[in-house]
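I would like the entire structure built from these sequences, with the hints used as guidance.
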Amino acid sequence: MNRNAEVALTLREDTNLNRLRVPEVSLLKLCVVVGGKASKSYLQSGAPKQKDSGTDGFHFVPEKETGSIAYEIDDVCGVVAKAKLELFCRFKPAPLWTLDLAKLGPDAYSHGKHSLKWDGRVVTPDKVQAGKAGKDGLEHDLTQYNPDATIKPDSFPDGYITLEYTPYKLKLTVSDKDDHGVLTAWTFFHILIKEIVLELGPEEAVPAATVDDDRHKRDKAVRKQIADDGGLPAASATRKIYLVSNLYKTASAEMSDNTGYQQFRTLWADGPNVPVLAKIHLADSADAVVKLEDGPGAKALGKAKFLWDWEDVAEDTSRHHAKAKTFLNDALNYDKNTTQPKGDNAHVDRGGKRGPNGHPVFPAQAGYAPKDTLDAGKFPFEVKAADTRTWAAQSLGWTQGKLKGQTGVVFQPARQAGDGFKITVYLANDRCFDSVKNKEKLVLDVTAAPLKAADVIKKSTGTFEMWRQLEVVNYQKKKNTVTPNINLATVADYYEKANVLMKNLAGAPGAMAKATYNTAMTNAVSAKGWHIRAAVSANDQYDAGGYFIDFRDHAGWRTEVDTHATNAGWTNVQKSAWSVGLSNAAGSDPYTNAAVYYQFLYDWAIGIIETVCGSFMAAGDGINIFQFHNLFNSAYPRATDLNGFAANPPGSGRSKCGFIQCGSNYGGAGNLNTREQTCTHEIGHQLFLPHTWQVSPAHDPQGSHDRNDNACTMSYEFDKTRRFCGLCLLRLRGWSKFQTDATGAEVNPAVRTVKDTGPNKHP
1 MNRNAEVALT LREDTNLNRL RVPEVSLLKL CVVVGGKASK SYLQSGAPKQ KDSGTDGFHF
61 VPEKETGSIA YEIDDVCGVV AKAKLELFCR FKPAPLWTLD LAKLGPDAYS HGKHSLKWDG
121 RVVTPDKVQA GKAGKDGLEH DLTQYNPDAT IKPDSFPDGY ITLEYTPYKL KLTVSDKDDH
181 GVLTAWTFFH ILIKEIVLEL GPEEAVPAAT VDDDRHKRDK AVRKQIADDG GLPAASATRK
241 IYLVSNLYKT ASAEMSDNTG YQQFRTLWAD GPNVPVLAKI HLADSADAVV KLEDGPGAKA
301 LGKAKFLWDW EDVAEDTSRH HAKAKTFLND ALNYDKNTTQ PKGDNAHVDR GGKRGPNGHP
361 VFPAQAGYAP KDTLDAGKFP FEVKAADTRT WAAQSLGWTQ GKLKGQTGVV FQPARQAGDG
421 FKITVYLAND RCFDSVKNKE KLVLDVTAAP LKAADVIKKS TGTFEMWRQL EVVNYQKKKN
481 TVTPNINLAT VADYYEKANV LMKNLAGAPG AMAKATYNTA MTNAVSAKGW HIRAAVSAND
541 QYDAGGYFID FRDHAGWRTE VDTHATNAGW TNVQKSAWSV GLSNAAGSDP YTNAAVYYQF
601 LYDWAIGIIE TVCGSFMAAG DGINIFQFHN LFNSAYPRAT DLNGFAANPP GSGRSKCGFI
661 QCGSNYGGAG NLNTREQTCT HEIGHQLFLP HTWQVSPAHD PQGSHDRNDN ACTMSYEFDK
721 TRRFCGLCLL RLRGWSKFQT DATGAEVNPA VRTVKDTGPN KHP
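Counting from 1, one number per residue, gives the positions in the sequence shown under this note's numbering.
These are computed hints drawn from the structure, not numbers from a lab. Hints are not guaranteed to be accurate.
Unchecked claim - Distance ranges between label pairs, derived from CB positions:
(1) A489 / S655: 20 to 30 Å
(2) N485 / A454: 52 to 62 Å
(3) K378 / V446: 30 to 40 Å
(4) T566 / S256: 47 to 57 Å
(5) A288 / D387: 29 to 39 Å
(6) T571 / T721: 52 to 62 Å
(7) K439 / P23: 39 to 49 Å
(8) K177 / Q44: 14 to 24 Å
(9) A221 / G35: 43 to 53 Å
(10) A538 / V211: 55 to 65 Å
What the hints assert, rightly or not - Simulated crosslink set (DSSO-like; lysine-lysine; CA at most 30 Å straight-line):
(11) K441 / K384
(12) K92 / K152
(13) K171 / K84
(14) K437 / K92
(15) K514 / K528
(16) K132 / K169
(17) K220 / K378
Idealized CB from N, CA, C, for every residue including glycine.
The structure is reproduced here in structure tokens:
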């Protein structure tokens with residue numbers, strides 16, 4: 001520091017000597033002290049060396065902890081006339097905060113030790129504060145001034161230093177009144193994350209276009225299911241997400257088109273909305289955990305950015321039979337190494353989210369101002385897509401209110417069953433300069449994978465695995481004597497291979513009520529023609545047996561027909577003409593030909609059974625199963641011919657369907673068919689799956705099955721072990737059988753692409 005002085009000259013012949021003593025000024029210390037810990041002081045070259053126990057790793061929690069800014073000035077002669085503290089962060093030459101010590105009063109930069117009580121707030125002193133002598137020198141109290149959020153609202157929104165710009169450099173500068181010389185000292189300190197805790201968000205945070213509409217209720221049900229199953233999965237665990245999707249065909253033609261995909265897309269759109277929160281815990285000066293959600297300290301969160309990334313978890317196809325495994329691997333591996341992120345989830349070309357311009361897994365959210373009571377149906381935090389890592393997202397947190405000290409995203413995995421997702425959140429406060437875009441950017445906002453970050457500033461979930469859920473809501477047998485029961489666990493195992501949970505809500509099968517059954521039968525039969533009514537016996541239909549309907553034998557029916565003809569006054573010619581009018585395609589009529597009569601009983605029973613079962617349909621959405629021992633009198637021809645069928649009893653519709661089991665004749669040489677396979681096959685029809693080409697080429701248009709697999713469940717190859725082919729498995733998952741664009745809409749429903757493998761191959 002330069003000094004100007006006037007000194008009396010001495011004559012050369014005189015012996016006395018005038019001496020000038022230059023006033024010395026030094027800065028001896030600057031550090032932040034909290035709880036016995038301190039930051040390290042840095043002094044200019046030439047400054048007197050001081051004993052310093054501070055460290056460069058010093059950290060504390062603003063708002064939560066109160067310590068001091070300690071400094072020492074050696075200025076016996078009172079040269080210092082100006083002093084200021086400045087707070088800097090990396091990559092920004094201008095200070096974030098400047099404190100003119102003169103606003104505290106001239107004693108704030110006087111000779112000696114000083115201690116400014118401080119809890120991390122940035123202030124603009126509005127009045128002089130006289131220092132008080134204390135054990136650490138002259139003491140001032142910055143906590144007597146209100147935090148000033150106007151100083152740097154984008155950096156310190158609550159008037160406290162924040163996690164966003166750590167580490168910080170605090171600099172003390174002093175000079176004389178003419179600024180002839182400047183002395184500085186500086187120190188560094190941090191705000192450090194101790195841990196990040198991921199949790200499932202509250203129900204109020206489930207976003208909704210309309211609160212408590214059907215879609216909102218479905219999303220809330222998914223959140224509840226995750227919560228009931230234990231919440232977010234730990235890093236090494238898997239949590240299944242079940243999307244209830246009771247969607248069934250309403251016309252046979254829907255098995256040949258893409259209705260199943262379209263209906264699933266309409267129901268679940270871009271996937272469920274699952275709120276995921278990150279609780280930010282900081283390390284205090286003693287390195288203990290400070291849970292910001294519990295109290296003071298949350299203002300240190302500020303506008304710190306967090307980057308949310310997702311990983312496509314590779315699917316294990318080892319549980320599938322060889323042909324299905326080959327087909328699935330071909331389909332899953334489509335563009336596996338070229339998409340961002342890489343992986344084998346459903347591609348956008350099949351209605352999924354993996355691939356160019358795929359819909360986001362973390363959709364943007366507007367958020368809202370912190371409050372103590374959350375708004376139902378609104379996600380609280382601001383979320384936007386990352387600039388470069390476009391499939392990732394950035395979020396901000398709350399520094400006050402019910403969710404203080406937390407941030408989060410809406411996790412919206414693709415709806416397709418079988419997809420796997422893993423979430424990782426990072427503190428994204430590290431910055432660099434983007435020379436291409438000529439602006440500052442986040443270091444983690446890059447396309448490289450995996451992202452490199454210290455373990456302490458990131459947290460990952462385990463795997464979220466997507467499943468569809470179908471529900472068996474009703475299982476009734478005509479009588480308890482109808483045995484054996486269908487093993488629904490075995491049926492469910494066939495669908496499990498498609499990542500479809502067939503959940504049995506019905507429990508054990510019950511018996512149909514006799515009175516209801518007989519009334520339903522009477523009503524259904526009375527609506528038929530007199531000749532069909534004549535075939536139905538006068539026996540109690542319920543007590544007659546475990547089969548569906550009790551018919552008269554051929555002789556008994558002829559007697560009833562003869563009685564009707566006599567009562568109607570028919571001549572033999574008229575009766576003959578009537579019987580000929582009932583003839584089948586071969587020209588044989590049921591009156592004269594017993595075999596034709598029993599064939600007609602088969603058809604007549606089919607025409608009645610759905611109506612009767614309609615009286616036993618459950619009110620809720622899902623699958624209704626009805627079981628009989630046979631279709632009609634077991635001793636009659638054709639009575640055992642029908643194993644079962646996909647039924648549409650009255651009350652059926654898009655969200656509920658029926659399956660009627662009639663067969664009891666299973667087994668035999670070379671026949672591997674079972675009740676469970678019949679049930680699986682027929683419910684497959686309800687789920688939009690057609691027969692294979694082996695049943696009829698007309699049933700398998702435009703590649704609905706893998707032609708390399710000749711034993712699909714949807715075939716009639718009873719001499720083989722039947723299981724779903726690979727394409728059936730993918731369609732059950734919710735994949736489109738036709739190519740789609742990034743929005744999920746079909747590019748051309750009439751034409752299949754041949755540019756990729758697996759389900760896009762035309763057989």
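Now for the hints, and whether the structure bears them out:
no., hint, in the structure
1, A489 / S655: 20 to 30 Å, "24 Å, holds"
2, N485 / A454: 52 to 62 Å, "58 Å, holds"
3, K378 / V446: 30 to 40 Å, "32 Å, holds"
4, T566 / S256: 47 to 57 Å, "50 Å, holds"
5, A288 / D387: 29 to 39 Å, "36 Å, holds"
6, T571 / T721: 52 to 62 Å, "59 Å, holds"
7, K439 / P23: 39 to 49 Å, "48 Å, holds"
8, K177 / Q44: 14 to 24 Å, "20 Å, holds"
9, A221 / G35: 43 to 53 Å, "48 Å, holds"
10, A538 / V211: 55 to 65 Å, "58 Å, holds"
11, K441 / K384, "15 Å, holds"
12, K92 / K152, "13 Å, holds"
13, K171 / K84, "8 Å, holds"
14, K437 / K92, "18 Å, holds"
15, K514 / K528, "22 Å, holds"
16, K132 / K169, "27 Å, holds"
17, K220 / K378, "12 Å, holds"
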